[in-house]
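Participant: Numbering (my numbering), first residue to last: 1 to 115.
These are calculated hints, taken from the structure and not from any lab test. Idealized CB from N, CA, C, for every residue including glycine. Careful: at least some of the hints might be erroneous.
For each label pair, taking beta carbons as the anchor points, the in silico distance ranges come out as [said to hold, decoys possible]:
1) 48 - 101: 49 to 57 Å
2) 4 - 35: 27 to 35 Å
3) 83 - 17: 39 to 47 Å
4) 39 - 78: 22 to 30 Å
5) 43 - 100: 45 to 53 Å
6) 48 - 79: 24 to 32 Å
7) 20 - 75: 12 to 20 Å
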Amino acid sequence: MANTSAATAALGALGDGTRRAIFERLARGPLAVGALAAGLPVTRPAVSQHLKVMKDAGLVIDQARGTRRVYRLDPRGIGALRDWLEDFWAGGLAAFEDYVDDNNSEETDHDDRAD
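Working from the sequences, and respecting the hints, build out all of it.
Facilitator: In structure tokens:
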């Protein structure tokens, strides 16, 4: 069973467009704050604040490299989010299967009465 609280925190963090943009950039590889801020419509301090939210949500981890902090996606947080999505998807597929089965049985009942 997926860790719902971890997934909820991750989804909440990704609800912001700037954080999604940062997440997508980090999906391509580790980056320092300055590199993340380049091309975004926010300041470096704002990027740092977004990274703090993402770190608290378990989506990113950081490492000191000299005077810089380099951020990358945290596989544990991504795994929790993926597990939740897989559970959600499996439940949705099961509900769809039940719906199809119910409708097929109604059609079979209707066809039997038509004879």
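Participant: Among the hints numbered above, which are violated by the structure, and what are their numbers in rising order?
Facilitator: The structure conflicts with hint 3 only, although it agrees with all the remaining ones.
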